[in-house]
Structures are given as structure tokens and as C-alpha cells.
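Build the full structure now, drawing on both the sequences and the hints.
Here are the chains, one letter per residue:
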Amino acid sequence: MSLVMCLAIPALILSVDGDSAEVDIGGVHRRIGTMLTPQVKVGDYVLLHTGYSIGILQPEEAEQTLAVFRELAEVSEIL
Amino acid sequence: MEFCGSHTHALLRYGIRDMLPRTITMKSGPGCPVCVTSTHDIDLAIAIAMAPDTIVATYGDLVRVPGTGGSLERARAAGADVRVVYSALDAIAIAEENRTRQVVLIGIGFETTAPTVAASIVTASRKSLRNYRVLSLLKRTPPVMTALLHRGELRIDGIICPGHVSVITGTEPYRVIPTRFGVGCVVSGFEPLDMLRAIDLLVRQIESGAPGVENAYERAVSDRGNEVARELIDRVFASCEAEWRGLGAVPGSGLAVRPEYEDFDATARYHPDIARSVEPAGCRCGDVLRGSISPQECALFGTICTPQYPVGPCMVSHEGACAAHFSYSAGT
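The listed protein sequences derive, respectively, from chains A and V.
Its first residue numbered 1, the first sequence is counted upward by one per residue in our numbering.
Its first residue numbered 1, the second sequence is counted upward by one per residue in our numbering.
If you are wondering where the hints come from, they were derived from the structure by calculation, not from laboratory data.
Everything hinted at is true.
Heads up, incomplete: computed chain A residues facing chain V, CB under 8 Å, no partners named:
{"id": "1", "residue": "35"}
{"id": "2", "residue": "36"}
{"id": "3", "residue": "37"}
{"id": "4", "residue": "47"}
{"id": "5", "residue": "49"}
{"id": "6", "residue": "50"}
{"id": "7", "residue": "57"}
{"id": "8", "residue": "64"}
{"id": "9", "residue": "65"}
{"id": "10", "residue": "69"}
{"id": "11", "residue": "72"}
Don't be surprised by glycine CBs; every beta carbon is placed ideally from N, CA and C.
Right under this line is the structure:
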């Protein structure tokens, strides 16, 4: 198995059990360690790196970034 | 300069590098954990793998990186028990299943990976797992950024800071870069539009003559980063000097296991005598990692050294600049 070391992928928290959680990664379920994000709750999207959640994605910020992306897309259409 | 190997990959994969105006040149930095691991440290990992009653657990690409005489993959062929793991948690599970043998995780990576390795040591300590150890080759990004700029080999106008390292570190540690070197920093995500936005922000900083630190990966990175993860790193590791391929020893850029967790430190148990480590002949990975040459300028690139038969780690690793250029640069 190859691994891109600094790649982190979004995963949806399905259930939390102490220091671990069950997540959905594009339809695949996996148990991960949550020691680095003890505040996770069901429904959060976390960044998953080498079996641990390392951060929780911020939906508001993601929405703002998408707005910037849409703006960029409109500019490129004008060009 | 983009520091992170995954950014190099994204720039090439989506053709961004070729689309940029000629006034903008992107240089790959030393942001590939497998690539920056020194030949001496590879030799150390191989020597540990060859020790009796020892299982070595390692992240994927590292097994193929050539040391002075062979690789971890070759050691496995010679009878060593070398297992590829996805997570430090897998290495813990191997230790629980093999109580009579030592399990050594070869801990490579930057601040993204360091807290996960720290977490595994804390878990092993809680479980009183006496046969789990880590060879910490973990590295810190800000000290090497400073070392590279201090060297002054390249005239770098702006830096794209690694996205997932910054999830942990936050943006604060980069503040020293514009202050001390007058070089702007922008943290970027990994989508093509993330990268274009980061480049745009850097160009604006350069044009306005006001270098600063900006965050273009707000959905994952906060100014303060992940404090829980950083506390865990600090609890288990202390900063130390580390050896980087291409850059040599960089003060404060490594993470050594603290004496309190000595029972989980591979260097407390294994003291192999490593003869002088020798780089592969003709390999210029060190120069590539400093951004001093592009992969195509290495005489071995694409002829003797290919992803199938790699000579140096930058061609082995999926995050390596040589592998990225080989995969995505047509006709070069």
C-alpha cells in the first residue's frame, strides 16, 4: 500500500466511542483514533491522517471558500 | 516555493505550473517526509529491522528508499520482518499480537504525523505495552523553512505553506518569515483552485511590497492550529537537531522521544553501529529538495531513475518532486 504522508482526507463521523470513532469515507466505514480532536461529535467532518482525525472541517469557512471558487469560475468565463 | 510535496503534485497534475505566466516560477521545497529522511536514518531503520526478535512497522513508500546497502524491502527479502502500516494504530495492534517481540514504528513525517505518533506512544503507555517502540525521525517545518531561507541559495519571493502541517501548527509559526526575511507566506489547500488562490494572494503581497502571513485554507486551518495535538507532541517529544537530506543538520528541526517515555524509544534499546552512510551514486535528490535544481536537471532522471526503478527517494515517494515531474510532465 502506498501512502501520501501529508494527505488528509475528509471523513464523516458516524459514532464516537471514547478515543475512537466510526467514520464514513466516501462509503467506506473505518474506525479511527480521535485523541487529537476530543471534541468531535456525530455529523462532524474531520480531516483524517494516518488513522487519526487531526482537525474538524469548518462548514462556514468551507462555504466562504466555495464562494471564492465560484467567483474565480465566473472570472474565467468572462475571460 | 511550495514546501509541501502534495502541493508540487497538485501543481503538476492539474497543469497549473505550465499555465502560470513566465514571471512566476514555482520551486519545490523539502516537504516530502520520505525524501528528506537521510541515508543514515534509512541505514539505521534497516539495521533495526535486521535485529533479532524485531518487527519493523513502516509507512508505505519508505520500504523502497535505498540506503547504503539495500532498502527495508531488501531487508525483508533477506528475512527481516518488515510490515507496511497505514497508521501508528496498526503498529500498536501488531505489538499486541506479538508480545514476545519488539515492534518498532519507523516514525517519519512532519507536524501532521507527529501528534499521531505521540498519541500511539501515550496509548502504548496506558496499555502498559512493553514491546512497542518508535524510531522518531519526525521533523518540524518552521525551523527548516528558516534554515533554507538563511542559506540564501535561491531568491524566494513567497512561500506556499503546507496545508495539513498548518492544521496542527496554525499560522503563527510562519510570522517570523516575513519579519526576518521579507518573504510572504500563504497557507494553501490542495484543490487546484486553492492553489491558484494562494498564488494570487502571494503575487498581491509581492506587488504591494507588504509580505505577511495569510491563510487560504480557512476550512481546515485556524490561526492557533490544533492545540490538543501540539500539547501531545510536547508531552512526548522534545525538539532536537535533525539530519535532512540535502540540507544536513538543522538545529531544532527534529523531535526526539522525551526521557519520560524512554521505554517507547527505539534509540534507547537499539544501538546499531552504522558505518559511514553513502548516497546513491549520481543521485541529486539533495539538490532537488533545496529547489536548487529541477528534477529534469538530474542526469539520472527518467533514464536510470524511474518510479519503477528509483535511485533516490524523490522518485520513490508519491510526494517526491521527481515522481511528480516524471508522471505529469509530458516530453520532459
